[in-house]
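Using the sequences and the accompanying hints, generate a full structural model.
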Amino acid sequence: MLISVVIPAYNRAEYIERTLKSVKEQTYRPIELIIVDNNSTDSTKLICKRFLKAEETEGFKIKLLEEKTPGASAARNCGLKEASGKWVCFFDSDDIMSPMALQDSVDAIKENPDADVVAYATCLVKDNGDSAKSEGIPVKSKVKRRVFLYTSDIKAHILMGELSTQSFIAKADFIRKIGGWNEHLVRWNDWELGVRILLAKPLMVWLRNRAYHYIFEHEDSITGKSFSDSLPHLQKAIETVKTDLDAVDSNDNSALLALYFRENILKGIVKRECAKGCTFSRMPQIRCKGFVNRIFAKVLYFYTSCGGKGAWKIALTYLDICKNKG
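With the working numbering, letter number 199 in the sequence shown gets 199, and the count goes up by one each step, no holes.
Across the chosen pairs, the derived CB separations fall in these ranges:
#1 L149 - K49: 39 to 47 Å
#2 D107 - E273: 37 to 45 Å
#3 S226 - N251: 36 to 44 Å
Cut-off 27 Å, straight-line C-alpha distance, at most; resulting in silico cross-link-like pairs (DSSO-like, lysine-lysine):
#4 K61 - K21
#5 K126 - K267
#6 K242 - K201
Read the hints as simulated data drawn from the structure, not as lab findings. This structure is a prediction, so every number in the text was calculated from the model and none was measured. The beta carbon of each residue, even a glycine, is placed where N, CA and C say it ideally should be.
In structure tokens, the structure reads:
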């Protein structure tokens, strides 16, 4: 079974060779590695060309593509369009892929032949970028396993973003069918894609035994950017998810309520970070029914703005209580 790995790249000369090597070191074959250069102005493309020439083999095919439309989502869609594999995963150009990730995913697919998506937890690495540039695995003190609930509950994903870019592998045709990546979103595009994945009701398989990959949070990474610096882009992502949810005919408003809570948690984070002069414009299209719900949303906002952690857990517990009462 051919697996396609799509990696968008923009000015990642310092990091990308280490990332590409981690894909090559996968224990599984065959692999199709698709690198999509997205208007790089440094030596990223040259490094990729050298890697292709030196490392391509019969079981490890490499495609180097160009996408002129700016943005990682456009580059990922370019790679998705050219992917030959039945299954595809997406990866970022400054992270490390775990050697067993694809083999474990394929084993799960063989055990669950009707599966559409295989998902798993990942590890975050917080540092100043030195580890990201090095060849070695980061020290354990800098590595944190991302919280992962192993659930298809869309409320959980809306509140804590379970399906991030590197945390799943999916049937390529399934991702194409739901529209691929939203090229209008600069931030939280994987969160929005995760919403559409779950709205499509796929057969999900969860790898529960370990966390995979090293996802670096540093000043040059998308993962490490502050919320207040990207506020307009985050607001647009929330608006887009609202549109996604509105397009589904359902009497269950819990997902919309989760989105309302996520918005208020974001407001609290921005308030805490704040960047004086940073304002969070109101979103009139997101309405919340119920006095208690509105009060609870304000509690989430103030709790988060004062430095409180884990507001998403509190919100999810509240939603579960409401569901049980209903």
